[in-house]
Amino acid sequence: MTSVYIAAGIIIVLIMVLCYVFMVQTVAKKREQQLRMIQVLEQRIKNFCILTKAFPPGFLSKELELLIYQQLIDATNQLIELAPKEKKYSEELEVYTREQSELQRKPPQHKRVKLSSPKQAKEVKVYLNELNKFIHRLNQRNKLSNNEFNTYTAQIKQLVLHIAVDNYVSHARAAETANKPRMALHYFTLAKNLMLKESTDKNQKFQLDQINNQIERLEELTAVPDIPEEDSTAQGGDWDQFKSEDDGWKKKAIYD
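Using the working numbering, the first residue of the sequence shown is number 1, and each one after it goes up by one.
Careful: at least some of the hints might be erroneous.
[Said to hold, decoys possible] DSSO-like, lysine-lysine: derived pairs with alpha carbons at most 27 Å apart:
hint, residue 1, residue 2
1, Lys53, Lys125
2, Lys180, Lys46
3, Lys46, Lys106
4, Lys114, Lys192
5, Lys114, Lys197
6, Lys143, Lys62
7, Lys106, Lys125
8, Lys111, Lys192
9, Lys114, Lys133
10, Lys30, Lys114
11, Lys192, Lys125
12, Lys197, Lys62
13, Lys143, Lys125
14, Lys29, Lys46
15, Lys46, Lys62
16, Lys30, Lys85
17, Lys111, Lys157
18, Lys62, Lys205
19, Lys157, Lys53
20, Lys133, Lys111
21, Lys122, Lys180
22, Lys157, Lys133
23, Lys106, Lys197
Hints in this document: simulated from the structure, not taken from any laboratory.
Go ahead and model the full structure; you've got the sequences and the hints to work with.
Following this line, the structure appears as structure tokens:
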């Protein structure tokens, strides 16, 4: 009977040990997942903070800027839930919320901001591409309505178009400075064709008119002048006279 109690006791102890080990592993796994999630959120916040400073003031639309700040606020709220004792997350949330409120009070920016150099244009295009990828991911996760998704992607497409057109215009001006009017005409024509094909912004009419004026000016500058009709006749007369003299020489040679 005593051996039965001992065996039962051993079994109970083993069960308790197994339960304890399982509980410790579960807690450790949960902690590991929590730490991994914190790292992911911190990296996401870091990336969005870069986006808030990557573009010149007023380059992005107000809607896109507010979208970035909303993602910062959402990610920071998740961090506060995962680590409520971490004060820096609450402090960061106050900063992002205040900046978002200031942005909401600003009137929409309608004037287009031009980039200062091809290098800056290249960097900005990379950041626009990253922002576009994130918007597509949000849409795939049903975090955006179709109207929001279409609005954001259309605005990014328009900004990429602005960069491409400005790049062509910059090349055109550089070509003309280098006394290469035909190359300048080529780049201005590329800019015009791109705007006519891709642009949906009615506010770009002024820039399109300017490009058209440059194209007309360069077409006149590079046009090949027509040869006047009288000059052609004169040239023909000279040639006929030359042939006549030549024929006379031949006849003289025969008679001689």
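Hint by hint, here is what the structure shows:
1. Lys53 to Lys125: holds (14 Å)
2. Lys180 to Lys46: Outside the cut-off at roughly 46 Å; violated.
3. Lys46 to Lys106: Holds: Lys46 and Lys106 sit about 24 Å apart, inside 27 Å.
4. Lys114 to Lys192: holds (17 Å)
5. Lys114 to Lys197: holds (21 Å)
6. Lys143 to Lys62: holds (19 Å)
7. Lys106 to Lys125: holds (25 Å)
8. Lys111 to Lys192: holds (20 Å)
9. Lys114 to Lys133: Answer holds: Lys114 to Lys133 is near 23 Å, not above 27 Å.
10. Lys30 to Lys114: violated (49 Å)
11. Lys192 to Lys125: Distance ~20 Å between Lys192 and Lys125 Cα, so the pair holds.
12. Lys197 to Lys62: holds (26 Å)
13. Lys143 to Lys125: The hint holds at about 24 Å.
14. Lys29 to Lys46: Roughly 26 Å between the alpha carbons, so the hint for Lys29 and Lys46 holds.
15. Lys46 to Lys62: holds (21 Å)
16. Lys30 to Lys85: Given pair Lys30, Lys85 holds - Cα atoms ~18 Å apart, limit 27 Å.
17. Lys111 to Lys157: Within the cut-off at roughly 17 Å; holds.
18. Lys62 to Lys205: Judged against 27 Å, a Cα distance of about 22 Å means the pair holds.
19. Lys157 to Lys53: Given that 27 Å is the threshold and the Cα spacing comes to 20 Å, the pair holds.
20. Lys133 to Lys111: holds (26 Å)
21. Lys122 to Lys180: holds (25 Å)
22. Lys157 to Lys133: This hinted pair holds, its Cα atoms lying about 12 Å apart.
23. Lys106 to Lys197: With a Cα-Cα distance of about 33 Å, the restraint between Lys106 and Lys197 is violated, given a limit of 27 Å.
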